[in-house]
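A.B. asks: Listed in order, the protein sequences are those of chains H and C. Sequential numbering of the first sequence, starting at 5, is according to this note's numbering. Sequential numbering of the second sequence, starting at 668, is according to this note's numbering.
Hints were generated in silico from the structure; no laboratory data involved. Among the hints, erroneous ones may be present.
[Stated by the list, open to error] Derived lysine-lysine pairs resembling BS3-like cross-links, with alpha carbons at most 30 angstroms apart:
no., chain 1, residue 1, chain 2, residue 2
1, C, K1636, C, K1615
2, C, K1255, H, K126
3, C, K1826, H, K101
4, C, K1257, H, K126
5, H, K95, C, K1573
6, C, K1664, C, K1573
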Amino acid sequence: MKLETTYMGLKLKNPLVPSASPLSKEISNIRHMEDVGASAVVLESLFEEQISHESQELDYFLTQGTESYAEALSYFPDSEVYDFGPDEYLKHLSNAKEAVDIPIIASLNGVSIGGWIDYAQKLENAGADAIELNSYYLATNPEISSQKIEDNYVEILKAVKSSVKIPVAYKLSPFFTSMSAMAKRFDEAGADALVLFNRFYQPDIDLENLDVIPNIVLSTSHSMRLPLRWIAILYGKIEASLGATRGIHEGTDAIKMLMVGADVTMVCSELLRNGIKRISGIISEMTKWMEENEYESVEQMKGSMSYKSVAEPAAYSRANYMKALKSYI
Amino acid sequence: MKRPLVTIDGNEAAAFVAHKINEVIAIYPITPSSTMGEWSDQWSSEGKKNIWGTVPTVTEMQSEGGASGAVHGALQTGALTTTFTASQGLLLMIPNMFKIAGELTPTVFHVSARSVAAQALSIFGDHSDVMAVRSTGFGLLASNSIQEIMDFALISQAVSLKAKIPFIHFFDGFRSSSEVQKIEQLLEDDMRTMIDDDLVFEHRKRALTPDNPVLRGTAQNPDVFFQGRETVNPYYLACPDIVQEMMDKFEKVVGRKYKLFDYHGAKDAEEIIVLMGSGAEAVHETVDYLNAQGANIGLLKVRLYRPFSVKHFVEAIPESVKSIAVLDRTKEPGAIGEPLYQDVITALTEAQTEGILPTKVFPKIIGGRYGLSSKEFTPAMIKAIYDELKKDKPKNHFTIGINDDVTHTSLDFDSSFSTEGKDVIRAMFYGLGADGTVGANKNSIKIIGEETENYAQGYFVYDSKKSGSMTISHLRFGPDPIHSTYLVNQANFIGCHQFVFLEKYDVVANAVEGATFLLNSPYSLEETWDKIPQNTQQEIIDKKLKMYVIDAYKVARETGMGTRTNTIMQTCFFAISGILPREEAIEKIKGTIKKTYGVKGDEIVKMNFSAVDQTLANLHEFKVPQKADGKEKMIAPVPKEAPEFVQKVTAEIIAGRGDNLPVSLIPDDGTYPTGTTQWEKRNISLEIPVWDENICIQCNKCALVCPHAVIRPKVYSKDLLKNAPSTFKHVKARGKEYGDDIVYTLQIAPEDCTGCAMCVDVCPAKNKQEVRLKAINMAEQPPIRETEKENWDFFLNIPEMDRREVNRTNVKGSQILQPLFEFSGACTGCGETPYVKLVSQLFGDRTVIANATGCSSIYGGNLPTTPWAKNNEGRGPAWSNSLFEDNAEFGMGFRLTIDKQNEYAKELLEKMKSELGEELVKGLQNSKQIDEVGIYKQRDRVEKLKEKLNGIDSSEAKHLLSIADYLVKKSVWIMGGDGWAYDIGYGGLDHVIASGKNVNILVLDTEVYSNTGGQMSKATARGAVAKFAAGGKPAKKKDLGMLAMSYGNVYVASIAMGSSDAQTVKAILEAEAYDGPSLILAYSHCIAHGINMEKGLQQQKLAVDSGYWPLYRYNPELTAEGKNPLVLDYKEPKIPVREYAYNETRFKMLTKSKPEEAKKLMVLLQEDVNEKWHLYNNMAKIEFGEQKA
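Modelling step: build the complete structure from the supplied sequences, incorporating the hints.
C.D. replies: Written as structure tokens, this is what we have:
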């Protein structure tokens, strides 16, 4: 059975990659991921906010109340060295590279054109095999047009691409009016892969305290429908690799993603819920299914059920919507 | 190798050398010496080595007594050992100092000399501490300048090793310890040359070791002790020559020449001054100035004060001298004269007897006191002394620098006399603590000192309040060494970094004609002039000041700097002063920004760069108008209705004119009126809370948590609203007990609020239409200042509710009681003061408070105004601060008196029963006084008793009258921080709680020495970063509550207002009601935790939710009822401790500086928390009483 796949130029031993999550904060977890079969690991994200705010915050609290009262001109000892989020991240990245043989994909998360983009190069220097760029701009400002927002996405990608030689994947949100057109723009701007789709944590309301609170809900297999459809549609239309993420919990979920055209399938919620060891479980479920259904390789099935390969491509578009409605009657 | 030029302060200079030439350093924080220990600790934690290639061990002890014991022990076992201290700290070392000297042990203690507390505490500099240790046998070597501090730190150690006599190397606290100067830094090679390794080996050879056992520290009897004491004489006789030998050696190595007594001035001077310390620098400058004008005077700088060498002294005095003024920076009440004066007289008398008198005739000698507690000592004063010396009968035992209109000791002086050089730039900068002015000025000195040929000096004056405090930076730059050890009073550059200062202070008062005035103004260039008070306008015109204006607030806002205008104003200074070419200056400023902030990340650097870049475009020269036609007036320091003392004394101090107050106006025994903060309207917050009466549920939580008592609820009859101002708010009072005509008002004191917003954070009532709004919300202060002032005044005139009718057992009721602790100078958002204030509300009218030195004694008792207040009946807390280490004992003394007087009063009542009437006597003797009703009744009885006693002419009646008030229950409160309770005062605290006496101990636990700047105490948690624990405290927090509980008869409570305010109120009431010792440990969030102070209460909640801070009450009375005395008021931890800890910089910064260590310590901290819960939970479950068996 050949599970090998190529994802934005990286030759991977199988298509199962743990996506960015707090699990990759610990080197021991990354080792565990490799041991149970992960073909690459996307590190947890380095956020723009971490880069720009963390040092400012520390400076603020270290200087708060200083040089005001003669007996207490400061409140903390000085340190010659501070490792801020970015520095810690770079260290962690090199440690991860040293700890495992599989490719390490660094994740960089931000929405504005700013200093944080410089970190792409630092990630490359620290040994990242690729970068997964993650942008999600919440369009709250009614004065900013969709055109401007879309241009901004492309600008960010271009800025990152121009600063590194390693491949760059773009992890996207599904909230574009024209996903296909945007995918094409990203493809043309040099994206080596598109990862579909990011999950966003939607806040909840605490009725007792009248507070807006974060509420993290892990995905289920149902969540995979959106990326599944869009990978099916985009497969073959763009040069960039396609990464599938969201709702992959079982071997068959991964198979479906590969069939619609994904080059890799990424898992997160499943590992958070049932442990890193699930990677080997999903791989054996995949292998078993492929054996039972007499598939020889991942390459063989990749895209076999994509928009362009199925008998009724309309099933992925509006017609499918009609069908879905009918199925409830 | 060339010696580097560095711009550092005196403490750093001393510590730099001490750290290089010692192996063990035992320390304890005390202002102004703390930073020497902090530097040493930091350098050791960074792995910096001494000249022998090993990192010195730095250990914080529990007190200076402890530090000196550790030093003694380390010396006895052969380590080169030092310590740093001042004031009371040095006095606590005296017993060990006698031992160390008696045993001929080489060591040097570096002392930033500070006033010893007498009628008051003072952190500032004089020689009263070092003069108090003259008899210990330590040598005393005085440094006068920052360069000398570095040089003498080395020379004294070299001497001590050779002479076998321990030394105090001292310099003036603040004036020298904190003055920043450009100096030459000694090289390690210099130190290696000066410190003879053979002498080090000799020291080690004397070590106590089982490999070569000896015994030291015997007990001796009358037969040999005396002889033993005399054995040391040869060493003391040899010592002065050794000091000179080492000074000569130093000259050969380094080039700077020193003598035991350095004479400076005319060779044939007739009048000379003798003194030591920083004042000698100012005299040096004055002598040069006056001699250049044709005077014929001189100065003798005393370097080696002990052992005092008559030989060297007389050799240094010119033959021509006819009169000598000996100046002492100390006071020895009752003595013939101060120590140096007496020594000089003795020396010259002995010289005359011995036939070695240096002068032709025995000179006239007068002694004088100057500069106590860093009082200014200026050339004007010095000139007055030389003038006095010329008189036939100069005044002896004089004082200079004050107006002594009581015993008329003071000399007059002409304050306009100045010796300031023409080529010296003299700048003054008025800033706020929070705007970073001082830090920027320190950087400016570094730039000018290290990057140009100029000499540079900086000295910084701070406020006596901890929030909203003003700083004044005094900077000098010039081509020659700067000897001006006094504040700038002839400024040619003045920077006013906060516009609001103009309404309170005459900031241009010290400007010379033609000086430059830089003003940070939030107004447009056109509006600015009109906003300046008219008298200041006139001064600007009269003095022909050149004026520049910038809106630095705007630049700071636009560049993300927030309120920190530091780099912006610094850039303006360089741009205007022209001390460096503009481009070069900007480059250098950016260089220091990179150096200062680089370690904290690129973003900070970029932000500061951007502020610098945008400054010049916003800086404008302002053409000063011809006319001062402004309508603005400066605000009087206190209102007209303030009491006489406040008008005459307090107001002058507030206005910055305290130096002019004559002796006659100062209380002679340190007694001051209470309740004076109410007269000082500071207006330091631009935002204040505003009450929304329609949303409010009247829970009074906002009032409870307000650190400055600016939020007050009152419940009163509607009738009282007749003359209310139109904007005065009220609403029907909630509660079954209140009728329809009873209303409720929550009023804010608009001018006293510091803007912490803790009230808003704690408010539980949200606006249903717009949930971001609560029943109390922050709003801009200026637009509502006047109306709210009027409302506040009206509110104050509404009568307080009768204490007997208030249910004080819950939060709501407790806050109806008038706070008798108000508007303190504590930090904005202080976590301590809400507890202190609550005690004042519950028991303030019958409380006497012993307050340990620390934050609470500073915000509680620092002049000019103090927060402890009186109620309308004239009752309120009586407060005193004794020392740091003795507070529990001090408070116990209160209790002993009260109990004794109560007992005696009852005895007298018994004796006078027939005269006074049995019913009254019985009532007085048997009153319960368990609640307010009981107390009021007893007060009534005491009034009746007094009336009767006034009519009886007997000794017994007079005695009873004088102590009758002790028949009313008094509440003794002993308050202080964790540094006191866990460390320096623990022995006393332990003894006091073991005594069984009825005292209430409130420990305001910030888990760090907050007042001296965040040093580790035994209350510091594992994993927290503090000074002296830069790598995170490795050891667990001491469980003081558990130790107290072990006695079984101590009421113990652990409280955290932010987690359970109800438990806080309950515990404080129970503690006070318990007829025995009570100990309350109060979690107090603190600026030293590095938190957003507005969210301090949320941190308290997380501390309890995580199990980090337990809530419990241990009431021994329950044991008698057969119940378990321990009641837990918190539940099993529900969040991991890191969720609490990592909101605080003290824990979080370790993850940035030592991530691996942080991880390890956090695991251990979690284990500590788990264990604590397990232990307490099990203890609370033990069955007591009958079931026990």
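A.B. asks: Each hint: holds or not?
C.D. replies: Now for the hints, and whether the structure bears them out:
The suggested pairing of K1636/C with K1615/C holds, with an alpha-carbon distance near 21 angstroms, which does not exceed 30 angstroms. Restraint check for K1255/C and K126/H: satisfied, since their Cα atoms lie roughly 28 angstroms apart, inside the 30 angstroms limit. Restraint check: the Cα-Cα separation between K1826/C and K101/H comes to about 21 angstroms, which is no more than 30 angstroms; the hinted pair holds. Using a Cα cut-off of 30 angstroms, the hinted pair K1257/C and K126/H holds, with the two alpha carbons roughly 24 angstroms apart.
This hinted pair does not check out: K95/H and K1573/C have alpha carbons roughly 76 angstroms apart, beyond 30 angstroms. Between K1664/C and K1573/C the alpha-carbon distance is near 19 angstroms, which keeps this suggested pair within the 30 angstroms criterion.
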